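Engineer: If you're matching them up, the sequences are chains A and B in order.
Here the first sequence is numbered in our numbering, starting from 1208 and rising by one per residue.
Here the second sequence is numbered in our numbering, starting from 179 and rising by one per residue.
Just so you know, these hints were derived from the structure itself, not from any lab.
Just so you know, not all the hints are guaranteed correct.
Computed footprint of chain A on chain B, listed as stretches where at least three residues anywhere in the stretch have a Cβ under 8 Å from a Cβ of chain A [what the hints assert, rightly or not]:
1. 189-201
2. 205-212
3. 218-230
4. 259-272
5. 281-287
Computed from a predicted structure; not experimentally measured.
Glycine included, every Cβ here is placed at the ideal spot set by N, Cα and C.
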Amino acid sequence: MAEGSLDLERLKAKLGVEWEPWSYPIERGMVRRFARAVGDPNPRWQEGTVAPPTFVLAIGFEQFVDEVMSLAAFGTVLMGGTELECYHPIKPGDEITVVFKISSLREREGKMGRMAFMTFDSTYKNQGQELVARCRQMVIGY
Amino acid sequence: MGDEVSPLAKQPTTRQLVMWAGAVGDYQPIHYDKDFAQSRGLSGVIVHGQLVGAFLGQLMTDWIGEQGILRKLSCSYKGMNYPGEVLTLRGKVTKKYVEDGQHCVECSLWAENSRGEKTASGMAIVILPSKG
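Use the sequences and the hints to build the structure in full.
Structural biologist: As structure tokens, this is what we get:
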């Protein structure tokens, strides 16, 4: 593929379609590692009894980036923005199921060639099927 | 109204970026490989946008304490942050209201670097146990 060109057909084909759900058992160590990475000394997170609200960002993120990169051959994806709504705290022992979908996609010429501006929406449910969080991420791929 | 959220200062190091990469599974080389970052049009390794988002989350959870609930947090990443730079996370109360019997406080939030540039901005809605 030529430098600066993008093949977005496979992403476009997924517009508005929910991806298959991914489930993650939440472990105390994941919560502690997250709090340490943020440098947040709050004992609630450091002891790992409950996860900080932004821990949602870590759930499924690696698989999400892998999936985006496999649907379009971006060299880099940058986060343009995040909107997070939290309804219930996440605790170690929970099993969180996340479902992503791409809600919008547009292309624009940037200094690095064609760039894709994407919006992804994700929902997070716990083992009791309670909706614990929703997230919208603005992602730039180029 | 206009009350200030107690500011929070952070100085993310490259080590912290590696810790964040591991904690969330974001292994994109723009966050650890300077040559790669420059080949992608960046002036160097950049701080993960979502780490700044998590800093804003800490700003709010520190401010509201254990009894407060962070219901909504949004931010857009407007400029690049580079490791080693001091980032100050700030917020200001923009609205107080009661919804479904809950005392809600809306704040505008931003991150600024040492040159006073706002590299991220957003808002939060928190629920406080009594009228805030």
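Engineer: Against each hint, give a clear statement of whether it holds in the structure.
Structural biologist: These are the hints, each one checked on the structure:
1. With 6 residues having a beta carbon nearer than 8 Å to a beta carbon of chain A, the stretch 189-201 of chain B meets the requirement of three or more and the stated coverage holds.
2. Coverage of the stretch 205-212 of chain B by chain A holds [criterion: at least 3 residues with CB-CB distance below 8 Å; count 3].
3. Coverage of the stretch 218-230 of chain B by chain A holds [criterion: at least 3 residues with CB-CB distance below 8 Å; count 6].
4. Residues of the stretch 259-272 of chain B lying with their CB closer than 8 Å to a CB of chain A number 0, which falls below the three-residue condition for coverage.
5. A count of 0 residues in the stretch 281-287 of chain B with a Cβ less than 8 Å from any Cβ of chain A is obtained; the coverage claim is therefore unmet, three being the minimum.
In this structure, the hints that do not hold are numbers 4 and 5, in rising order.
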